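So the sequences go chain by chain: G and Y.
Here this note's numbering is used: the first residue of the first sequence is 1, the next is one more, and so on.
Here this note's numbering is used: the first residue of the second sequence is 1, the next is one more, and so on.
No lab work stands behind these hints: they were computed from the structure.
None of these values were measured; they are calculated from a predicted model.
Any given hint might turn out to be false.
[Stated by the list, open to error] Using C-beta positions, here's what the derived DEER-type ranges look like:
#, chain 1, residue 1, chain 2, residue 2, range
1, G, ASP128, Y, LYS7, 45 to 55 Å
2, Y, ILE362, G, GLY178, 41 to 51 Å
3, Y, PHE365, G, GLY47, 32 to 42 Å
4, Y, LEU185, G, GLU25, 25 to 35 Å
[What the hints assert, rightly or not] To give a feel for the contact side, a few chain G residues facing chain Y, derived at Cβ under 7 Å:
#, residue
5, ALA18
6, SER62
7, VAL75
8, HIS79
9, TYR83
10, PRO107
Backbone N, C-alpha and C define an ideal beta-carbon position, used for all residues, glycine too.
Letter by letter, the chains look like this.
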Amino acid sequence: MARYGMALDYKNCINCKACEVACKEENGVLLGADKHRIWVGVKEIEGEYPLLDIVSSTFMPSQCQHCDDAPCEMVCPTHATYYDDNNVVRVDVDKCILCSYCMNACPYDARYVDDRTMTVDKCTFCSDTRLERGEVTTACQNTCPTKVRTFGDLDDPDSEISELLRTREHFSLKANLGTKPKLFYLT
Amino acid sequence: MNIEKIKEFITTIPVNKVCARDLMAFEKTPRNNILAVVIFSFLAMLVVGVAIYLGQGHHAYNVTREHPWGLLIAVYIFFVVSSTGLCIVGSLGDVFGFKDYELISKRAIFGSIVTILAGFTVIAFEIGHPITMMIYNIASPGLTSAIWWMGTLYGLYLTFMVIEFIFLLKHDMKMARYFGLTGLLVGLAAHSNLGSVFGFLNARPISNGVFYPTYFILTAFITGIFIAFILMGFRYKLDFSEKVKTMLTGLAKIQALLISILIFFVTWKMLTDIYGGMPNRAEVAIHILGSWTFWAEVILAMVIPLYLILKDMGKSHVILFWASMSGMVGIFFMRYNLVHDTQLKPLQMLKTREYQVAPEWIHYFPSSTEIMISLGGLGLCMAMYYVGTKVFNLDEDTKEVK
Ligand code: SF4
Ligand code: SF4
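Chain G on its own, in the form it takes in the complex:
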């Protein structure tokens, strides 16, 4: 029983997209632009040449925020979306009726339709692949060359992520919506 979360030292991201590839490979995510569990967002450089605002450009890796108060879980009519024992937000493919309500309710555009099962899919923190095999890292974290990602148990005060969140300033996305994301962006 853990409460898994992830801290992202996003300023270290170099937009190599190794995490996107690792995620697809590890979790068998379908090919295609629309079919992705994680992504790297690019904020373009602002200003007109030659007055470019270099610091305005950032790379922002993102994915399902595994909200503690997840709108997707609330709106699901059949409890197909649920919290597993580790507080990871998961989708039960047997129960999902593909009403797509969760896709509309998720403020983070974290969900898509898996064409093989015709149900909704999203990031699982590698719960049914790596974690099940007893590993303690996610595929995206493991592959990241600049070590942007730290994954771990937020309830364990001695975990690396707890230590990071205690010592570094951080923010979460669309915090005003009260979804209580478990993805933290370190500043």
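Fit chain Y with the ligands to the known structure of chain G by using the hints.
Relative to chain G, chain Y with the ligands alone:
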């Protein structure tokens, strides 16, 4: 003993025995012929559309990750709004006892049954796994889900409407009133829950809030009155008796009030959306104001009907029949806009350069399969209604109330 009673109850429901030949034995006027061709082609489209869907699944639709709800959701809403509206109109006479409106009760209640059946048919091809839905709706109900409440309450509502209709056929007005009132209350609850499916979307500031759950009830009543005009127009071939005229004028006056309230609602919704420039809301509202589908809704469903009613306080019944046709087209746009506008604004999450430049606005245009299934739903609705007019006596009974 009880089974005997139920058997007797069912076998004594007054129905006319009709065969296929009776169904084809309509007066061969040009109008009827055109209608028959339209219904048959729509039904053929339903068959083709469903066949394509069964072969290709959701790939046959133009729904995407960013725009997961498409035309079929809008058409489903269109039908269930019509159903709720007809239920309200039907209840005026047989539940609330307004004598003038009793003559449409049975017809309206039957209309509410066929429209919701058409709606269920359309949604069955939008929900990815309808059978799974029926199982897990009961086995693991998501009580915090507006879709769960909406679907479950609509199922109950349909049951009550059918029972009410049977009592109306049997001319048992007391029982019809009980079931009618229960059905109406459950229907209104279901319908406002459908509004809350959108109202609860915190992620979508343009739809979030109390507006849709209340607005759905108002627009349902308006839709019901439009359809009442259309049903009566077809029933009496636009040649209304004095009694029908009195009723239609009454309905037209109610309609004028309702449309005025609607215009008031929509104006203030737009103003509050834009005022202060709140991100994700103001720019979406301004974008909506620039779309032709919004103006189609305003002109066809609000301006034209209201103007024509107010011109002589609802006395030109034939003109109002045509105004109601315009109104229904407008109501269709209203439903389409509601669904599309909710999803207009990308949730982005800084995905500005991922694989492709993210669109500033999400684009969507229904695929031919979606259009075929939607028109097919309309064809099915018309066909069921036509069969109903043959099998049941939908006119007001003249015998004494039991
Ligand atoms: S980010 Fe979206 S999909 Fe993930 S838990 Fe939150 S609401 Fe659900
Ligand atoms: S699409 Fe599936 S997971 Fe999403 S709300 Fe509907 S049933 Fe639940």
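Holds or violated: is there a CB of chain Y closer than 7 Å to the CB of ALA18 of chain G?
violated, 15 Å
When you take the CB atoms of LEU185 of chain Y and GLU25 of chain G, is the distance between them in 25 to 35 Å?
violated, 54 Å
A closest beta-carbon separation below 7 Å is what the hint needs, so does SER62 of chain G meet it against chain Y?
Since the shortest Cβ distance to chain Y is 6 Å, the answer is holds.
Minimum Cβ distance from HIS79 of chain G to chain Y below 7 Å?
holds, 4 Å
Verify the interface restraint on PRO107 of chain G: the C-beta must sit less than 7 Å from at least one C-beta of chain Y.
holds, 4 Å
Outcome of range test on Cβ distance (PHE365 of chain Y, GLY47 of chain G; 32 to 42 Å)
With Cβ atoms ~36 Å apart, the hint holds.
Should the hint that TYR83 of chain G touches chain Y count as held when the rule is a Cβ pair under 7 Å?
At about 13 Å, which exceeds the 7 Å cut-off, the nearest Cβ of chain Y leaves the hint on TYR83 of chain G violated.
ILE362 of chain Y versus GLY178 of chain G beta-carbon gap, inside 41 to 51 Å or not:
violated, 25 Å
Beta-carbon spacing of ASP128 of chain G to LYS7 of chain Y - inside the hinted bounds 45 to 55 Å or not
holds, 53 Å
Holds or violated: is there a CB of chain Y closer than 7 Å to the CB of VAL75 of chain G?
Given a least distance of 5 Å, the restraint on VAL75 of chain G holds.
Checked against the numbered hints given earlier, this structure breaks hints 2, 4, 5 and 9; the rest are met.
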